[in-house]
Amino acid sequence: MLAPPEPAPFNVLWIQSGGCGGCTMSMLCAEAPDLATTLESANIRFLWHPTLSEETGAEAVALFEQVLDGTLRLDALCVEGAMLRGPKDTGRFHILAGTGVPTIEWVRRLAAVAETVVAVGTCAAYGGVTAAGANPTDACGLQYDGRREGGALGAAFRSRSGLPVINVAGCPTHPNWVTETLMLLAAGLLGADDLDVYRRPRFYADHLVHHGCPRNEYYEYKASAEKMSDLGCMMEHLGCLGTQAHADCNTRLWNGEGSCTRGGYACINCTAPEFEEPGHAFVETPKIAGFPVGLPTDMPKAWFVALSSLAKAATPERLRLNATSDHVVRPPAVRDIKRR
Amino acid sequence: MSDTGSSEGTARLVVGPFNRVEGDLEVRLELAQGRVAAAFVSSPLFRGFERILEGRDPRDALVIAPRICGICSVSQSHAAALALAGVQGLVPTDNGRVATNLIVATENVADHLTHFHVFFMPDFARAFYAERPWFPRVEARFKAAQGSAVRKALETRTTLLHVLGLLAGRWPHTLAIQPGGVTRGADARDKVRLAATLGAVRRALEEGLFGAKLERVAELSAREELDRWRAAGPEGDFRLFLDIAADLDLGRLGRAYDRYLSYGAYPGAEMPLYARGIFTPDGAGAVDLSAIAEDHTHARMEHRTHPHHPFDGSTLPDVEDETGYSWCKAPRLHGLPFETGAVARQMVDGQPLIRDIVQSEGGSVLARVVARLVETARTLIAMERWVHELTPGAPWCAQGTLPSHGRAAGLTEAARGALGHWLRVENGRIAGYQIIAPTTWNFSPRDAAGMPGPLEAALVGAPVRQGETTPVAVQHIVRSFDPCMVCTVH
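Protein sequences, first through last, are from chains A and B.
If you're matching positions, the first sequence starts at 1 in full-length UniProt numbering and goes up one per residue.
If you're matching positions, the second sequence starts at 1 in full-length UniProt numbering and goes up one per residue.
FYI, nobody ran anything at the bench for these hints, they're computed from the structure.
All residues carry an ideal CB built from backbone N, CA and C; glycine is no exception.
Please note that a few of the clues may not be correct.
To be verified - Here are the computed lysine to aspartate or glutamate pairs in the EDC-like style, where the Cα-Cα straight-line distance is at most 16 Å:
1. B:191 x B:320
2. A:88 x B:320
3. A:312 x A:193
4. B:143 x A:54
What the hints assert, rightly or not - Some, not all, of what chain B presents toward chain A, calculated at C-beta under 10 Å:
5. 21
6. 44
7. 154
8. 180
9. 290
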């Protein structure tokens, strides 16, 4: 009896341009299972990836040509790094080596034959840090230019599947944001409704970094860190945007048991378009009349002001002391649970 | 890729996109009599980070600079923190210094593992080498993305990077390293957890890579010991590499100038783990930082009239520049190109095996790869010691105040070599920020005198077989430097 035919693999082609490669470096940290096992078990195959593949130079270019002429099916085009339009819309700040063709042009050609297009990282999604400051290379995202729709492929772009570009934003991306997006696509389980307003997959973007932050008790009582290495909440003084940032960093965790706030520094909202230009120093909270300008998501200002004032008045001494120390100087009291 | 013949039996070859390097790379070759006669190395991507940094709050450098590079992120962060500490006259706490060493070393060791297993060795598993006696073993272990050693190394690297999950929140792109130390302290439980993580990495390397204790690798001291290791040493990928190196004569492939630069790595209470200095055919010497200058003659950059010290440097791209063939500037020390990386660190530090290899047969693919492996062993041993030195309860981060004016250089060592940030602060903002990354040194274009950069020199003489469009010897030499192209131009 014949075995059933092997299902066709989900073919991924990965292109890097105006970014740092950090989303790939992060993806290689996938664990339990590791990246290769994760992809294999979902029948995902990298046709070519700049970090992992054997093919170099002419062999790689030949493979791109096979994708363009339809010999190789392209299920997902993954793009890492911003699209560089400059100088003067020539794209010449990144000519794909060995081809004489700007990478932005390669991406436009490949996107036209891809079933789905995935922007990996905030640079590819919205422009990111590469578009910061004077934006010397006129960098943008695949389908966004900062918060505005448009970008390298234009607002009207839809891939063959009918989906717009999927923005797996993050600087860098968590390994599993990328692998789970690809697995959902391969399984046919990711549709337009599964993307949020900036087209980030909702499985991680419907959470806030605040969720699961171990500094939540300090937040509740407005017991704030005042300087780097303090244990307190970093929202009031040190620029933390965890209450506004859409990501599951403190419930999913990074590199074992980490996250930015667990590492002792502010969440800078790196999954958001234009996070690179907060309008103030990243690690300093701008304030008006002593209250942070950016309020927690969905919280009316009057309530925040009222609750903060009340919370500050009620701050336990333990939290007040620990908040400005680099280690716990007063542990929580142990109560005799039999006594009422 | 293109292949153009000409009348004198010479030919030109353009190789790219060059993968299994970090970032994009193009190499133009002129060939004669089956060998590379001249090489021109081009960094085809320009992003302009130095310009992006200008005008910002100086502290923003800790957010922006690491994002130059996803593989050297922590090193970029460290250089920025050192520059910021410099303008404040701030010295990190002891805990901050040791924790920073652990963070930087974790990235560097992870990068060395990635380089050997994922970037470099898979080239020997190409069908091109199917006739060699070692091929079946190398194919099983190192076939790109599939070989058993490639997969195991990525798992080991993932385990190692748990050090950064704990001490630095995540990798890449952490804000944990600050001018005065680190943002997160460690307690006794953290110390035993770190020790367990490093123990797992030690075990994986001793089992798969070396087949021997790390100490035995760290203490190798003479070229002939390598020959004995190859003939009768413990089974492992190190011995497999030595087999391949002997067969393909990698000890005579890819020699550059044998001039090495290291800023010194991992500061100690008194001296760094790896010394700062230069090492040239004339011997060891000090680094004269005032003698560093960048030449723009063959970079597509304005201000080509004379070389600039990085405090006076500029980054103004000029696409119309016809003599420029790279976005990379040409850094020179005393007007000369220098090579940097693990081989430079170990040469400057006086590791006897690496000195013996380079002084007996010159710098080479073999020297660079062995230096990286020996350094991996040495660094991991030091990391175990640093975990022990962390002192719970003592301060982790000293506090300082940024002056409105000042300038300082932040010098550190990334996996691939000497990394410097030259910061100028005026009116409380960044007025100038110039970066010279390791691969800027190694893959620099020619300078005003026409002197090729180290890789350009190393490629001359590389064999090219008839019909090869992406010559394997060229790939071995290029990858032996462990280039990071996104850092190169930044």
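query = Measuring from the C-beta of residue 154 (chain B) to each C-beta in chain A, is the shortest one below 10 Å?
reply = Check passed: Cβ of residue 154 (chain B) comes within 6 Å of chain A, closer than 10 Å.
task = For the hint on residue 290 (chain B), just tell me whether its beta-carbon gets within less than 10 Å of chain A.
result = violated (29 Å)
query = Is the Cα-Cα distance between residue 88 (chain A) and residue 320 (chain B) 16 Å or less?
reply = Holds - the C-alpha atoms of residue 320 (chain B) and residue 88 (chain A) are around 12 Å apart, at most 16 Å.
ask   = Does the nearest C-beta of chain A fall within a distance shorter than 10 Å of the C-beta of residue 21 (chain B)?
value = holds (8 Å)
query = Going straight from one Cα to the other, do residue 143 (chain B) and residue 54 (chain A) come out at no more than 16 Å?
reply = holds (8 Å)
ask   = Has the given pair, residue 312 (chain A) with residue 193 (chain A), been kept, meaning a C-alpha gap of at most 16 Å?
value = Judged against 16 Å, a Cα distance of about 41 Å means the pair is violated.
ask   = Does residue 44 (chain B) pass the interface hint, meaning its C-beta sits closer than 10 Å to a C-beta of chain A?
value = holds (5 Å)
Satisfaction of hint between residue 320 (chain B) and residue 191 (chain B), Cα-Cα up to 16 Å = violated (55 Å)
task = With a cut-off of 10 Å on the beta carbons, see whether residue 180 (chain B) makes it to chain A.
result = holds (7 Å)
In the structure shown, a violation is registered for the earlier hints numbered 1, 3, 9, in ascending order.
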